[in-house]
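S.K.: With these hints in hand, go ahead and build the complete structure from the sequences.
Numbered by the working numbering, the letters in the sequence shown go through residues 40 to 190 in order.
Quick caveat, the hints were computed from the structure, so don't treat them as lab data.
Hints are supplied without guarantee of correctness; some may be wrong.
[To be verified] Distance ranges between label pairs, derived from CB positions: (1) P115 - C153: 16 to 26 Å; (2) V155 - R76: 37 to 47 Å; (3) V160 - E135: 31 to 41 Å; (4) D68 - C153: 40 to 50 Å.
Where a beta carbon is used, it is the ideal one built from N, C-alpha and C, also for glycine.
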Amino acid sequence: MVLRTPPPSRAHLRLLAATDTSPPARRRDRYGEIADRRLAAILAAEDVAEEHGLSAHVRTTCYVHRRWVHQCISDPMHVLIVTGHRWCRRCDRTVEVQVDETFPGTVELFCDGCGVPPDSVANREVLRACRTSLSAMHGGEASTLYVVPDR
40 MVLRTPPPSR AHLRLLAATD TSPPARRRDR YGEIADRRLA AILAAEDVAE EHGLSAHVRT
100 TCYVHRRWVH QCISDPMHVL IVTGHRWCRR CDRTVEVQVD ETFPGTVELF CDGCGVPPDS
160 VANREVLRAC RTSLSAMHGG EASTLYVVPD R
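M.R.: Shown next, in the form of structure tokens:
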């Protein structure tokens, strides 16, 4: 993937086609052990985009877990109390995440404490990143922009 315009949106990321110029060796080798080459390419592209201003909160991949973000979002590491990501401020509890990877996939956030779906800017970012991650995972091998869901 290459960055065509400055972030803040990942909508400007594109997978590299075989005919495109190779990324620098340090980027190409960083995720060389990952079997899913689409995932590896998006990880590398989002790393570069983050260096140029992309918010880490909208990534579709997780460089720590080296996975699609929807596959590791339930890890306690992804709870950010200060920003409210995966956090219910109403009852001061961790927000749970339910992901169904079956195409086209669904993601839901819920709070076991108050029972109210946590609707905050931060939690909407979590939902959007996970839904886009699902979309990218199901995107196949095409060297095109992946779709950012509207939901």
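S.K.: Could you say whether the range 40 to 50 Å given as a hint is met by the Cβ separation of D68 and C153?
M.R.: Hint holds: Cβ distance 46 Å, inside 40 to 50 Å.
S.K.: Do the Cβ positions of P115 and C153 conform to the proposed distance bound of 16 to 26 Å?
M.R.: With Cβ atoms ~20 Å apart, the hint holds.
S.K.: Between V155 and R76, does the beta-carbon spacing fit 37 to 47 Å?
M.R.: holds (41 Å)
S.K.: Kindly confirm whether 31 to 41 Å is satisfied by the beta carbon distance between V160 and E135.
M.R.: Roughly 19 Å apart at Cβ, these two residues miss the hinted range, so it is violated.
Figure legend: structure checked against the earlier numbered hints; the only hint not met is number 3.
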